[in-house]
Amino acid sequence: MNTNNENLAAEKISAYIDDALNAEEIESLIRMNESVEQSDEHFSVAARYHMVGDALRGELSDASMVDVSAQIHLALRNESFDAVESMQATKQIKNSFNLVTWLDNFFGSMARPLAGMAVAASVAVLMVVTVVQMESLERGQQLAASPATLPSAIPDIPVVNQKQQMAEFDAYLTEHAEFAAQDTLQGRIPYVRAVSYEAE
Amino acid sequence: MRFVLAPVLFFSVCLSNPVVASEVSTLLRKMTDADGLLNYQGVLVLRKSNNMVAMRVEHGADGRGIWESMMSLNGEARRVVRLNDEVTSIYPERQLLTVTHNTDKHTLHPALPANFQKLEAYYTINRLKDDRIADHQAAVLDVVPNDGFRYGYRYWLDAKTGVLLRCDLLNEKRQVVEQMMFTMLEYLPDVPVSAFTEIDREGFEEKRLDPVNPVQKNPVWQVSNLPGGFMLTQSRARQTEKGEILHLAYSDGLASVSVFVEPAGAIHQKREGASMMGALNAYRSHINQHFVTVIGEVPAMAVMQIAQSVEAVKTVTAK
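Residue numbers (the working numbering), protein chains in the order written: chain A, 1 to 200; chain B, 1001 to 1319.
Only chain A is shown next, with the shape it has when bound in the complex:
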């Protein structure tokens, strides 16, 4: 596959993660996903693109053990042709990052003809990641000495469709809140949470 096609495919996967594809485009992506050998490289490239974006936005998670490209594969395999709505369920995997997979992709890419470009992009990622982590460390140190602040995003966990989830969890949340209020010190807070889930 030539470079243009590779870039196009990677961009499409990136757009999928960002929830920017229409139903037809998702359909074509699902077909591409079925040919794993062909698509693996696109997914690795897309994962790197995505990481660069996350790093530049300061949203890179440094603790996740989730492999981005594997998650996209999995998400697309679970994607239904007639249920475009479920696209929302997988888009939040974007904060995930597996260093081992990334390094594997990074060194693997060095042996390929497009090594120059890949290395440049990867080094840029490495630099940005380092800067972000340094900033995080500094912020963390300040945090410990002053009142804690809210992070811009909760990382690490791929969240499924929240509306659907709320309906499924609703009865459980009430039961959980009831016991948590009884058996923990905080009393009211479990109920406050239960009220808040519907209000969001």
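Taking beta-carbon pairs under 10 Å as the criterion, some of the chain B residues facing chain A (in silico):
#, residue
1, L1044
2, K1048
3, M1070
4, V1087
5, T1098
6, L1169
7, E1178
8, Q1234
9, R1236
10, R1238
11, S1251
12, S1256
13, G1278
14, L1280
15, I1295
Computed far set for chain B versus chain A, every beta-carbon distance over 12 Å:
#, residue
16, D1190
17, V1193
18, I1199
19, H1286
20, S1309
21, A1312
Please keep in mind that the hints were generated in silico from the structure rather than gathered at the bench.
Note that CB positions come from ideal geometry on N, CA and C, so glycine has one too.
Fit chain B to the supplied structure of chain A, relying on the hints for placement.
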């Protein structure tokens, strides 16, 4: 780094002082006792990763018991009214009203949450500098977990009454994942009557979520790899149209986790894996033709470990 360690070491040293430890224990006890003694109303906000919900709270204790009403001021005007053991949730837009009435409040480990000493094995509690919340002087406690299976807490307690004015929930990176804070709190001489009049049920579909078997001392399911400090506090089953749902509740005194086990056939649409809603993590999986849902205000790895170690209790047959 020394700037980080200095206050921690300072407060750890302070806590080892029996006077400070006793003060912390007294404050925590005051917090748990406050709800049974006081009448108040106010507005609080709950802030999660990217959401903020405001709600009106009315609380009272009178001859009928302890009342509490909470109504969200954002989105659907959902309201929860608690009178002792009865909890009524009202969903006006759906014309739905759910009621749970747990007459048997027996807990399998009555030592929790009263036994503060147990907390010290899993948390380090520091007294921080006093603060002011909603115009009330507040004593501040920093509760730091000793492992990665529970979150940290920071409590702002009304210095006079012990009412929890603000609570921050901190993840394993010491980042705040949830904040609850009163923005207005007014103490009242009597129960705020207007909040606790009979609920108008007309036009509402009413569902009772009462457990059929409130306590099962020998549940048929168990968690074989429970994080340290968590103990089974309740076990009960509820009969639903989908079949019997078993609820196992675990607590370490601060953090709480619920395990729900139900027949898998009836819930084939449900997804497996991890989910997160603010401070609450969930993990769902299929085990032996059953579907397991674990929910708790604990880190993801705690709910995952628990979910993955749920197993049927082996029955011993007589020879």
